[in-house]
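The listed protein sequences derive, respectively, from chains A and B.
End of the first sequence = 338 in this note's numbering, gap-free, step of one.
End of the second sequence = 1650 in this note's numbering, gap-free, step of one.
Simulated from the structure, these hints should not be mistaken for laboratory data.
Fair warning: this is a prediction, and the values are worked out from it, not measured in the lab.
C-beta: ideal position from N, C-alpha, C; glycine also.
Please note that a few of the clues may not be correct.
[Said to hold, decoys possible] Stretches of chain A that chain B covers, calculated by requiring three or more beta carbons in the stretch to come under 8 Å of a beta carbon on chain B:
#1 62-68
#2 97-105
#3 147-159
#4 176-190
#5 236-250
#6 326-335
[To be verified] No more than 30 Å apart at the CA atoms, straight line, and that leaves these computed lysine-lysine pairs for DSS-like:
#7 B/K1467 - A/K176
#8 B/K1467 - B/K1272
#9 B/K1285 - A/K176
[As the list claims (entries may be wrong)] Ranges of calculated distance between the beta carbons of each label pair, as one might list FRET restraints:
#10 B/S1395 - A/I198: 41 to 49 Å
#11 B/N1632 - A/I249: 46 to 54 Å
#12 A/L282 - B/G1301: 26 to 34 Å
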Amino acid sequence: MNQQKPLPVTIYTSESPIASPGRMFRDMLRDLHASHDLSWRLAVRDISAQYRQTFFGFLWALVLPLANTAVWVFLSVSGILVVGATELPYPVFVLIGTMLWAIFMEAVNAPMLGVSASRDMLAKINFPRESIVISGIYQVLFNSAIKIAILLVALAVFGTYPDWNFLFVPLGVASLLIAGTAIGLFLTPIGLLYTDIGKGLPILMQFLMYLTPVVYPLRAEGTLSGLLLLNPLTPLIETTRAWLTGGTPEWLHYFLLVNFLALFLLLGVWIVYRLAMPIIIERMSS
Amino acid sequence: MNDTLLKVEGVSKRFCRSLKQSLRYGTQDLYNEIVGRNHGGNGQLRADEFWALKDVNFELKRGECLGLIGRNGAGKTTLLRLLNGLIKPDSGRIEIRGRVGALIALGAGFNPILTGRENIYVNAAVLGLSHRDIVRKLDDIIDFAEIGNFIDTPVQSYSSGMQVRLGFSVASALEPDVLLLDEVLAVGDAGFKSKCFNRIGKLLEQCAVVFVTHSMHQLYRIADSVMVLDKGHRIGTFSPHDAIKHYDSLCAGEASASAVFLDNSIADATMTIPESVHAGKEISAQISIVPRRPVVIGQVIFNLTDMRTGTLVAEYRRTELEISIDTNFAHAIPIALGPIFLRGGQYSVSCAVYDRKGKINLAHFANFATLEIENPVPTEAVCGF
């Protein structure tokens, strides 16, 4: 067993890995590489277990956005709410908005759900902690693919056909995923210690949805339009919607800037997550 | 070649008693970690904290097995978790060469909906086997677990025995350099257990092993040396034989810890027996009782278990004793076991005390003492003269 290669050496001390950044980044890359196989396995496990026990199977990925769409279409058609003019037929507009929002929200929830569900494993087995997050991303990607496919069918029904811009849609979905994962992972360490985060998050997300042009379009003026423009999620949703429906994205620079910042944030929270896991495992089960 | 695989130097770990505080300290630790400060702070305890482990040192080479014993809460499992890298030490240093494997949490990550085969892939990946290794060992794992054609059935329809067998089979398929064992050595029925022991035996030769247990005969069987822990402190590292003595003396601090009074009539009782006896000689135990109301002891049964094998080797039953105890404290009443004809060695003694009719179990003393039986001078030596 110990003939050829020298054995890898692992050292545990009380020092913070931040104190030696070079080694920390090397370890991060190593673990990222090591979690490749495992995260795929975990994702396959969770997806197949999830759908094996349901009758409607993959359709469940659509229920929430479809229900949301139905509510908003009803509110607007019945005249209870005046949403304002949209370039697209309103149902199409809402359907796309809620689908994209659902992708973002799943990405936000995935890290904390994943870590909570694997509590037992985390407390007893040492495996790359990244794999849980990556497995969560795979699952969101899988669900997103279903959503986008259904969306295309719905668009065709309403007579909206995407053009070659559609090729950029994966980029839009990726940007929602990156932003969502960064936010979700940011909340995970504290959320695991204090359950307040888990309780407050759905409420917060609802507010956030109304501050994003999901169910109604951007307005030219008013206090709300200012807020909407400040919201970094606005360019993500708007740009992706434009790519899906053959419109021209107006916020491309803003979109790229947000993506850049989100990637940066993701790197930062990844480091925090790594630092936090031993502490959380200690407090979870001591 | 230096084959020291595990080096532990001055490792300490603090834990917190109160949950609220613990969460606050967790947040504090996280902040310190992010700004790059040391995890253990200044090495002092904060309010409500205690040392779960304090200044533990040891080294282990390939092929060596260190046993860890201590009473509940002595820090054994904490040490294993530190070695496994699950939690960070507050001070000190742990150096591990090679791959760490742990026979802890068998079947972690099993999903009940998925089949045994699917779960093998997941579980093995979690334990650190690469896809290629899993494929290579799959048949071996399935064979060892004796699951048969249940392998493509969802795990939720397995019996609990089948689940642990599968879990053991996967976990023991690893080829670690450092192996951590927490009580689990063998699972399943008698036949499967002996298979487990064989496999563990093989692992023991190839790895440096740290082994936590409460079972003294397993300690005898496996460990080369034994570290005794008490309230996080290392009492010392001994041979298994001496370690058990130290452990017993720790437990003796709370005399009635292993005594259970099943009937309400006894408030407290202690049982003692001489530490050693020559084979073939008479021996008596002594019982002291604080009764709540007058009781009559009718029967006393002693069991002797061989510490090496863990098997029950002798039962000494005294009936029709008629020892009446009124409400006063009864001190050191002798109860003769009779002459003892056993091989020389260490035996663990348990005792059950019954009432006159032998129906009501008044008190039970589980493994309350260790009895050493000394062989007389071998007869050949005398006769051969």
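Status of the hints after comparison with the structure:
1. Remark: the segment 62-68 of chain A is confirmed as covered by chain B, as 7 of its residues place a Cβ nearer than 8 Å to a Cβ of that chain, reaching the required three.
2. Coverage of a stretch by a chain is defined here by at least three residues with a beta carbon nearer than 8 Å to that chain's beta carbons; for the segment 97-105 of chain A and chain B the count is 6, and the condition holds.
3. With 0 residues having a beta carbon nearer than 8 Å to a beta carbon of chain B, the segment 147-159 of chain A misses the requirement of three or more and the stated coverage is violated.
4. For a cut-off of 8 Å, the count of residues in the segment 176-190 of chain A with a CB near a CB of chain B stands at 4, and the three-residue condition holds.
5. Counting residues of the segment 236-250 of chain A whose CB lies closer than 8 Å to any CB of chain B gives 4, so the stated coverage by that chain holds, three being the minimum.
6. Counting residues of the segment 326-335 of chain A whose CB falls under 8 Å from any CB of chain B gives 8; the rule of at least 3 is met.
7. At most 30 Å may separate the alpha-carbon atoms for a hinted pair to count; B/K1467 and A/K176 meet this at roughly 24 Å.
8. Taking the CA atoms of B/K1467 and B/K1272, the gap is near 23 Å; set against the 30 Å cutoff, the hint holds.
9. For the suggested pair B/K1285 and A/K176, the alpha carbons sit about 23 Å apart, so the restraint of at most 30 Å is met.
10. The given range of 41 to 49 Å is broken by B/S1395 and A/I198, whose C-beta atoms sit roughly 30 Å from each other.
11. Between B/N1632 and A/I249 the beta carbon distance is about 48 Å. The supplied range of 46 to 54 Å therefore holds.
12. Separation of A/L282 from B/G1301 is about 33 Å and conforms to the stated range, judged on CB atoms against 26 to 34 Å.
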